[in-house]
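*Asks:* Listed below, chain by chain, are the residues.
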Amino acid sequence: MGYRIQVDFDLCESNAICMQIAPEVFEVRDDDFLYILNEEPGDEIKAQVEEAAQRCPKQAIAIAEG
Amino acid sequence: MRAAETLRSEGFDGTIHLIGDEPHLPYDRPPLSKQVLAGDWQPDRVALTTPEKNEDLSFEWHLSSKATQLNIAEKKIALDSGQTIAYDGAIIATGARCISLRMAENLQGVYTLRGLDDAIAIRSEFDNSPQNVVVVGAGFIGAEVAATARQRGLNVTMIEAAEIPFERVLGAEMGTVTADVHRDNGVNVITGTPVESFKGQTRVEKVVLGDGTELDADVVIVGIGVRPNTEWLKDSGLVIDNGVICDEKCQAGPGIVAAGDVARWPNKLFNEQMRVEHWDNAVEQGVYAARRLLHGGQSMDPYAPTPWFWTDQFDRKIQLAGRTRPTDEIKVITGSVEERRFATAYGRDGKLVGILGFNRPRHVMQYKQMISEGTSWDDALNYAKEQS
Ligand SMILES: Cc1cc2nc3c(=O)[nH]c(=O)nc-3n(C[C@H](O)[C@H](O)[C@H](O)COP(=O)(O)OP(=O)(O)OC[C@H]3O[C@@H](n4cnc5c(N)ncnc54)[C@H](O)[C@@H]3O)c2cc1C
Ligand code: SF4
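Residue numbers (the working numbering), protein chains in the order written: chain V, 86 to 151; chain F, 6 to 393.
Isolated chain V, as found in the complex:
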């Protein structure tokens, strides 16, 4: 039961909320762009990823199951 993270980079404004919640997955670097470190992280941090998706002010994070 894996899942896949998709970020809509047209919406993302690099405010790094997601990085604060799940730093293993999301990183905003010095160039002010968001990088996804792992598009298919394990179930052990799924709760954090879901929280990041919910807390993203731009609703830019989608989680695809499968």
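No lab work stands behind these hints: they were computed from the structure. C-beta atoms are modelled at their ideal positions from N, C-alpha and C, and glycine is treated no differently. Where hints are given, some of them may not hold.
[Stated by the list, open to error] Simulated coverage check for chain F against chain V, where a stretch passes if three residues somewhere in it have a Cβ under 8 Å from a Cβ of chain V:
1) 282–288
2) 362–374
[To be verified] Computed cross-link-like contacts, DSSO-like style, restricted to lysine-lysine with a CA-CA straight-line distance of at most 27 Å:
3) K39(F) - K143(V)
4) K39(F) - K322(F)
5) K39(F) - K239(F)
6) K336(F) - K273(F)
7) K254(F) - K81(F)
8) K254(F) - K80(F)
9) K131(V) - K254(F)
10) K131(V) - K71(F)
11) K131(V) - K143(V)
12) K356(F) - K254(F)
13) K58(F) - K71(F)
14) K143(V) - K58(F)
15) K356(F) - K322(F)
16) K143(V) - K322(F)
17) K81(F) - K239(F)
[What the hints assert, rightly or not] Chain V regions said to be covered by chain F (calculated; three or more residues, Cβ under 8 Å):
18) 98–104
19) 113–119
20) 132–143
For this one, chain V is given, so just place chain F with the ligands on it according to the hints.
*Replies:* Below, chain F with the ligands alone, put in the same frame as chain V:
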């Protein structure tokens, strides 16, 4: 809305009533002063939910319904329609509304901005290319409106009663930097004089300042702050004092929690009773309050977040985390103020209490974390030195 979604995701399968006095389903407010006013977004893009999603969560909606009374003893909420709703638990999230200027009552062309309908009305004024837009009050929302209007090519004046805009939150130095962003982009910023009166028959024509100056105005947006919506609770027995007073775990009364702009609670991290008017808090506190209601508070830590917000002013993304005061010590920890790309730390009583970023999201989030951990001011400065 977030609270209600949380009740469901945490397994509550009873009935959830959502009561709102606006005709709209829940929507996102921050884009109203940004993308919606700019004309970049169609208003329906701000919706926070879709009919399908609603179906899944099976909420009972009561839109265009105002809650008029809370009866704690009988566990009932009265609506203006005459209906009463019985509850086992209630979440108060009635937010806040804009303070308006009495003297502008009945005058067309004078607006406040809180809701979707306000944004649509102001946008259509902007669509008619007014000669002069005047923004009263240099708060962050007023300033966003000024920036958006200016970016649409309009002639904009922003009036602030205080000598230095944003000083109360950012301090004199950083407040000035922020105001200068507006000046450099062609906003006429007038400080140190309050608005005395408005002139005009049915529609506003002039704004008169305390020092006698008269400014031509076709559209006026008043952004002088908000007041929590607590009137409906006045006979409820809950304690109301600039918000609904809650305990450190967001409980306001038996079976009642509060969250968002309306809630005031003691935040342990800052040893301060606070009410926070930011988006992020509305979401986080909504989730917390819902959990508290559902599971009881025994096993939960007190709600003690580091407040955080962002605002878009022209091409700058300004973020502030923590709880700052004008008297705090400040230190620019990275970047250059001249280039307007920097982060400034705020210290008080030997502790790191705030971080302000101009296009520096990563630093803001890093230091926000340090604030949450109770980092001392010296440690924060040393850390900044090591990093640079
Ligand atoms: C134009 C604008 C721009 C903003 N930009 C930012 C930003 O960039 N960053 C940021 O962090 N924050 C921003 N905010 C603040 C953020 O939107 C608020 O903090 C957030 O909306 C608070 O949510 P809430 O649920 O507490 O209250 P609200 O969103 O105010 O919701 C409360 C709802 O309850 C309804 N209501 C009130 N009384 C009753 C009653 N008696 N019965 C029934 N219904 C009632 C109200 O009509 C309203 O619909 C902005 C706000 C505005 C207005
Ligand atoms: S929280 Fe959302 S907007 Fe912010 S950086 Fe992450 S994806 Fe982008």
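*Asks:* All hints, please: hold or fail.
*Replies:* Hints, verified against the model:
As drawn, the stretch 282–288 of chain F meets chain V at 3 residues by the rule of a beta-carbon pair under 8 Å; at three or more, the given contact holds. With 7 residues carrying a beta carbon less than 8 Å from a beta carbon of chain V, the stretch 362–374 of chain F meets the three-residue requirement, and the given coverage holds. Between K39(F) and K143(V), the direct Cα distance comes to roughly 13 Å. Compliance with the 27 Å bound is thereby established for this hinted pair. With a C-alpha separation of about 12 Å, the suggested pairing of K39(F) with K322(F) holds against the 27 Å cut-off.
For the given pair, K39(F) sits about 35 Å from K239(F) by alpha-carbon distance, which is inconsistent with the 27 Å threshold. Restraint check for K336(F) and K273(F): satisfied, since their Cα atoms lie roughly 25 Å apart, inside the 27 Å limit. Only pairs whose Cα atoms come within 27 Å are accepted, and K254(F) paired with K81(F) is accepted, the gap being roughly 23 Å. Of the supplied pair hints, the one linking K254(F) and K80(F) holds, its CA atoms being roughly 21 Å apart against a limit of 27 Å.
Annotation: proposed proximity of K131(V) to K254(F) holds, straight-line Cα distance about 26 Å (limit 27 Å). The suggested pairing of K131(V) with K71(F) is violated, with an alpha-carbon distance near 38 Å, which exceeds 27 Å. Between K131(V) and K143(V) the alpha-carbon distance is near 20 Å, which keeps this suggested pair within the 27 Å criterion. Simply put, K356(F) and K254(F) have alpha-carbon atoms about 24 Å apart, close enough for the 27 Å limit, and the pair holds.
Distance restraint check for K58(F) and K71(F): the Cα-Cα separation of roughly 24 Å lies within the 27 Å cut-off, and the hinted pair is therefore satisfied. Between the alpha carbons of K143(V) and K58(F) the distance comes to roughly 18 Å, so the proposed pair stays at or under 27 Å and holds. A distance of roughly 26 Å separates the Cα atoms of K356(F) and K322(F); the hinted pair therefore holds under the 27 Å criterion. A threshold of 27 Å between alpha carbons decides the hint, and for K143(V) with K322(F) the separation of about 14 Å falls inside it, so the pair holds.
For the hint linking K81(F) to K239(F), the alpha-carbon distance of about 15 Å falls within 27 Å, and the restraint holds. Counting residues of the stretch 98–104 of chain V whose beta-carbon sits less than 8 Å from any beta-carbon of chain F gives 6, enough to reach three: the coverage restraint holds. For the stretch 113–119 of chain V, the assignment as covered by chain F holds, since 4 residues bring a beta-carbon within under 8 Å of that chain's beta-carbons and 3 suffice. A stretch counts as covered by a chain when three or more of its residues have a beta carbon under 8 Å from one of that chain; for the stretch 132–143 of chain V and chain F the count is 3, and the coverage holds.
In this structure, the hints that do not hold are numbers 5 and 10, in rising order.
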